[in-house]
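Undergrad: Residue numbers (the numbering used here), protein chains in the order written: chain F, 1 to 110; chain U, 1 to 154.
Be aware that one or more of the hints could be misleading.
Capping the alpha-carbon separation at 25 angstroms, the derived lysine-lysine pairs in BS3-like fashion look like this [claimed, not checked]:
| hint | chain 1 | residue 1 | chain 2 | residue 2 |
| --- | --- | --- | --- | --- |
| 1 | U | Lys-87 | U | Lys-112 |
| 2 | U | Lys-123 | F | Lys-51 |
| 3 | U | Lys-37 | U | Lys-57 |
| 4 | F | Lys-51 | U | Lys-37 |
| 5 | U | Lys-112 | F | Lys-25 |
| 6 | F | Lys-54 | U | Lys-87 |
| 7 | U | Lys-123 | U | Lys-57 |
| 8 | U | Lys-123 | F | Lys-38 |
| 9 | U | Lys-44 | U | Lys-55 |
| 10 | F | Lys-48 | U | Lys-123 |
| 11 | F | Lys-25 | F | Lys-5 |
| 12 | U | Lys-50 | U | Lys-112 |
| 13 | U | Lys-83 | F | Lys-54 |
| 14 | F | Lys-102 | U | Lys-112 |
| 15 | F | Lys-51 | U | Lys-87 |
| 16 | F | Lys-25 | U | Lys-87 |
| 17 | F | Lys-102 | F | Lys-51 |
| 18 | F | Lys-5 | F | Lys-51 |
| 19 | F | Lys-51 | U | Lys-43 |
| 20 | U | Lys-37 | U | Lys-123 |
| 21 | F | Lys-54 | U | Lys-57 |
| 22 | U | Lys-55 | F | Lys-25 |
| 23 | F | Lys-51 | U | Lys-44 |
| 24 | F | Lys-51 | U | Lys-112 |
| 25 | U | Lys-112 | F | Lys-54 |
| 26 | U | Lys-57 | U | Lys-146 |
| 27 | U | Lys-87 | U | Lys-57 |
| 28 | U | Lys-37 | F | Lys-48 |
Covered, in the sense of this in silico footprint (three residues per stretch, anywhere, with C-beta under 8 angstroms from a C-beta of chain U), are these stretches of chain F [to be verified]:
| hint | stretch |
| --- | --- |
| 29 | 53-61 |
| 30 | 69-77 |
| 31 | 80-86 |
Note that these hints are calculated values from the structure, not bench results. Cβ coordinates follow ideal geometry from the N, Cα and C atoms, glycine included.
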Amino acid sequence: MSNPKPTPRIRMPSTAKANEVIEVKTLISHEMESGQRKDASGQPIPRKIIKEFKVAFNGREIMRVDWHPAISANPYQAFFVRVPETGTFEFTWTDDDGSVYKAEQKVTVG
Amino acid sequence: MKLARKAPSRRDIFGLTAAGAAAMVVGPSASLATPEKVAEEIKKLFGDRKPGPGKIKLDLPSIAENGLVVPLNFEVESPMTDKDYVKAVHLFAEGNPSVGIAGFHFTPLSPKAAASIRIRLAKTQDIVAVAEMSNGQLFMERREVKVTIGGCGG
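Build out the structure end to end from the sequences listed, making use of the hints.
TA: Here you go:
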């Protein structure tokens, strides 16, 4: 029954050409308990999902996504970003219980 | 895994021969979303603005063996500039316990209004995508996914 702390993983290049569009693949370990299931004794298992995923570059928001219980466990999301200059992409996941999980990746333009 | 150990009596009650992924996702007593509920939700978001066809490429498998992990991938045609970009893409499920799947809010900093995710589907149903452009125009696309449940040809 233990729920280890969700661990984010990011896969993206660490270097890019100026204004290059690159693909980012993200994954975070999380059970995404839908709130629809019942345990062995028939009691509903309370919902606990990551409800929001945000991506920013040097503090400016690029994309924000609301996730609902239909998102699979260990949520995966791939998407595209543009790299205007050397900087840091910040990824933030917000849990139903208010916990925030973060990851970042520096990309160098050269 | 917890639910795989569910008491057999319950299976009998609901007479599910293929009580697999669907039961795990949904729970037998949950009421499901319907096409009407999706339409209602779209109306709630956009009022009387009606979505038209086009612009959205929505990729899903036509048959999903495992309803717990169904790959979904979309792209909305747009130059993604300050003046002309995709503001939001909403994904809805017509046969899940709840209507919403995800809502993407893009900005002109997003180079493409596209993403790949993995979703849960309780049963065979249509997935609906609605894109809202920066000028207020709406587009809609739908795709049916047949969900074959369980591992025994159910």
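Undergrad: If a hint holds in the structure, say so; if it doesn't, say that too.
TA: The hints, checked one at a time:
The hinted pair formed by U:Lys-87 and U:Lys-112 meets the criterion: a straight-line CA distance of about 11 angstroms does not exceed 25 angstroms. Distance restraint check for U:Lys-123 and F:Lys-51: the Cα-Cα separation of roughly 23 angstroms lies within the 25 angstroms cut-off, and the hinted pair is therefore satisfied. Distance restraint check for U:Lys-37 and U:Lys-57: the Cα-Cα separation of roughly 23 angstroms lies within the 25 angstroms cut-off, and the hinted pair is therefore satisfied. At most 25 angstroms may separate the alpha-carbon atoms for a hinted pair to count; F:Lys-51 and U:Lys-37 meet this at roughly 21 angstroms.
With a CA separation close to 14 angstroms, the supplied pair U:Lys-112 and F:Lys-25 stays within the 25 angstroms bound. At roughly 15 angstroms between alpha-carbon atoms, F:Lys-54 and U:Lys-87 fall within 25 angstroms of each other, so this suggested pair holds. For the hint linking U:Lys-123 to U:Lys-57, the alpha-carbon distance of about 22 angstroms falls within 25 angstroms, and the restraint holds. For a cut-off of 25 angstroms, the pair hint linking U:Lys-123 to F:Lys-38 stands: about 18 angstroms separates their Cα positions.
At most 25 angstroms may separate the alpha-carbon atoms for a hinted pair to count; U:Lys-44 and U:Lys-55 meet this at roughly 22 angstroms. A C-alpha spacing of about 22 angstroms is found between F:Lys-48 and U:Lys-123, which places the hinted pair at or below 25 angstroms, so the restraint holds. This hinted pair checks out: F:Lys-25 and F:Lys-5 have alpha carbons roughly 20 angstroms apart, not beyond 25 angstroms. Between the alpha carbons of U:Lys-50 and U:Lys-112 the distance comes to roughly 24 angstroms, so the proposed pair stays at or under 25 angstroms and holds.
Between U:Lys-83 and F:Lys-54 the CA atoms are separated by roughly 22 angstroms; this keeps the pair inside 25 angstroms, and the hint holds. For the hint pairing F:Lys-102 with U:Lys-112, the CA-to-CA distance comes to about 23 angstroms; that is within 25 angstroms, so the pair holds. For the given pair, F:Lys-51 sits about 19 angstroms from U:Lys-87 by alpha-carbon distance, which is consistent with the 25 angstroms threshold. For the suggested pair F:Lys-25 and U:Lys-87, the alpha carbons sit about 21 angstroms apart, so the restraint of at most 25 angstroms is met.
Under the criterion of a C-alpha separation no larger than 25 angstroms, the hint pairing F:Lys-102 with F:Lys-51 is consistent with the structure, at around 14 angstroms. Between the alpha carbons of F:Lys-5 and F:Lys-51 the distance comes to roughly 16 angstroms, so the proposed pair stays at or under 25 angstroms and holds. Proposed proximity of F:Lys-51 and U:Lys-43 is supported: the alpha carbons are some 22 angstroms apart, at most 25 angstroms. A hinted pair counts as satisfied when its Cα atoms are at most 25 angstroms apart, and U:Lys-37 with U:Lys-123 qualifies at roughly 16 angstroms.
For the hint linking F:Lys-54 to U:Lys-57, the alpha-carbon distance of about 23 angstroms falls within 25 angstroms, and the restraint holds. Restraint check for U:Lys-55 and F:Lys-25: the C-alpha separation of about 24 angstroms stays at or below 25 angstroms, so the hint holds. Pair hint F:Lys-51 plus U:Lys-44 holds up; C-alpha atoms about 20 angstroms apart against a cutoff of 25 angstroms. Between F:Lys-51 and U:Lys-112 the alpha-carbon distance is near 22 angstroms, which keeps this suggested pair within the 25 angstroms criterion.
The suggested pairing of U:Lys-112 with F:Lys-54 holds, with an alpha-carbon distance near 16 angstroms, which does not exceed 25 angstroms. Taking the CA atoms of U:Lys-57 and U:Lys-146, the gap is about 19 angstroms. The hint holds against a cut of 25 angstroms. Proposed proximity of U:Lys-87 and U:Lys-57 is supported: the alpha carbons are some 16 angstroms apart, at most 25 angstroms. For the given pair, U:Lys-37 sits about 24 angstroms from F:Lys-48 by alpha-carbon distance, which is consistent with the 25 angstroms threshold.
Under a criterion of three residues with beta carbons nearer than 8 angstroms to beta carbons of chain U, the stated coverage of the stretch 53-61 of chain F is upheld, 3 such residues being counted. With 8 residues bearing a CB less than 8 angstroms from a CB of chain U, the stretch 69-77 of chain F meets the requirement of three and the coverage assertion stands. Under the rule that three or more residues need a Cβ within less than 8 angstroms of chain U, the assignment of the stretch 80-86 of chain F holds, with 3 such residues.
Hint check: no violations occur; every hint is consistent with the structure.
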